[in-house]
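Novice: Residues per chain, in single letters:
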Amino acid sequence: DTEVTQTPKHLVMGMTNKKSLKCEQHMGHRAMYWYKQKAKKPPELMFVYSYEKLSINESVPSRFSPECPNSSLLNLHLHALQPEDSALYLCASSPYLTDTQYFGPGTRLTVL
Amino acid sequence: SQQGEEDPQALSIQEGENATMNCSYKTSINNLQWYRQNSGRGLVHLILIRSNEREKHSGRLRVTLDTSKKSSSLLITASRAADTASYFCATDSSDKLSFGAGTTVTVRA
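These protein sequence lines map, in sequence, to chains A and B.
Residue 95 in this note's numbering sits at position 95 of the first sequence, with consecutive numbering throughout.
Residue 1036 in this note's numbering sits at position 36 of the second sequence, with consecutive numbering throughout.
No wet-lab data here; the hints were simulated from the structure.
Hints should not be assumed to be uniformly reliable.
[As the list claims (entries may be wrong)] If you want a taste of the chain A side facing chain B, the calculated C-beta under 7 Å gives, among others:
(1) Pro42
(2) Pro43
(3) Met46
(4) Leu97
(5) Thr98
(6) Thr100
(7) Phe103
(8) Pro105
(9) Gly106
Fair warning: this is a prediction, and the values are worked out from it, not measured in the lab.
Where a beta carbon is used, it is the ideal one built from N, C-alpha and C, also for glycine.
Generate the whole structure from the sequences, applying the supplied hints.
Specialist: Here you go:
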């Protein structure tokens, strides 16, 4: 299995909702990442996990809460989001930090 | 945070022509990577060049790296309609990738 999967593909939520994005890889990679990408902009790093521990948080607001339950799974819990948080959320994994990253197809999030 | 700057922002070429895009960055790096993104989808890794390498080839792709000028270039030879996409350079430093603004390439049939 050489791919990163993300669910759901699309998500529409209100500002008072709580939802979660899920990312999974079975390549044995030890590093996993969350990125946010707005239209016609490059991906912006949000969080980095290495060996299931949070190693980088790019000053992301607390309404985004990452979780790494095991080496194959990465979640992003969403709560009380704002309309400006609407974006494509990309998950990626790599064998180790500073290595080639493999991206999932993304979750298109719309906050109403 | 965005470290790389890419040039040009957009490029339109005829099928069969070559496409060249450039990336400049600000700080020292472990490696520099190029990715492709088709409209609204995930990124696909194209090539990684380490800071001690000057040139790398992969199929129709050629990447150069000049660490003294803090710049890199990506050349796509004999372009095809399927090469239509956005191309991003990404610099790896401090255990994270910082992406450039990207170059949108359109290959006309």
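Novice: Each hint should be assessed against the structure and marked as holding or not.
Specialist: Checked hints:
1. The closest approach between the C-beta of Pro42 (chain A) and any C-beta of chain B is roughly 4 Å, which is under the 7 Å cut-off, so the hint is satisfied.
2. Interface restraint check for Pro43 (chain A): the shortest CB-CB distance to chain B comes to about 5 Å, inside 7 Å, so the restraint holds.
3. Residue-level restraint check for Met46 (chain A) is violated (minimum Cβ-Cβ distance to chain B is 11 Å; threshold 7 Å).
4. For Leu97 (chain A), the suggested interface contact is upheld, since its CB lies about 4 Å from the closest CB of chain B, less than 7 Å.
5. With a cut of 7 Å, the hint placing Thr98 (chain A) at the interface with chain B holds, because the nearest CB-to-CB distance is about 5 Å.
6. Taking 7 Å as the C-beta contact cut-off toward chain B, the hint placing Thr100 (chain A) at the interface holds, the least distance being around 5 Å.
7. A cut of 7 Å between beta carbons decides the hint on Phe103 (chain A): the least distance to chain B is about 4 Å, and the hint holds.
8. Interface restraint check: Pro105 (chain A) against chain B, minimum CB-CB distance 4 Å, threshold 7 Å, status holds.
9. Hint status for Gly106 (chain A): holds, given a least beta-carbon distance of 5 Å to chain B, under 7 Å.
Violated hint for the displayed structure: number 3, the only one.
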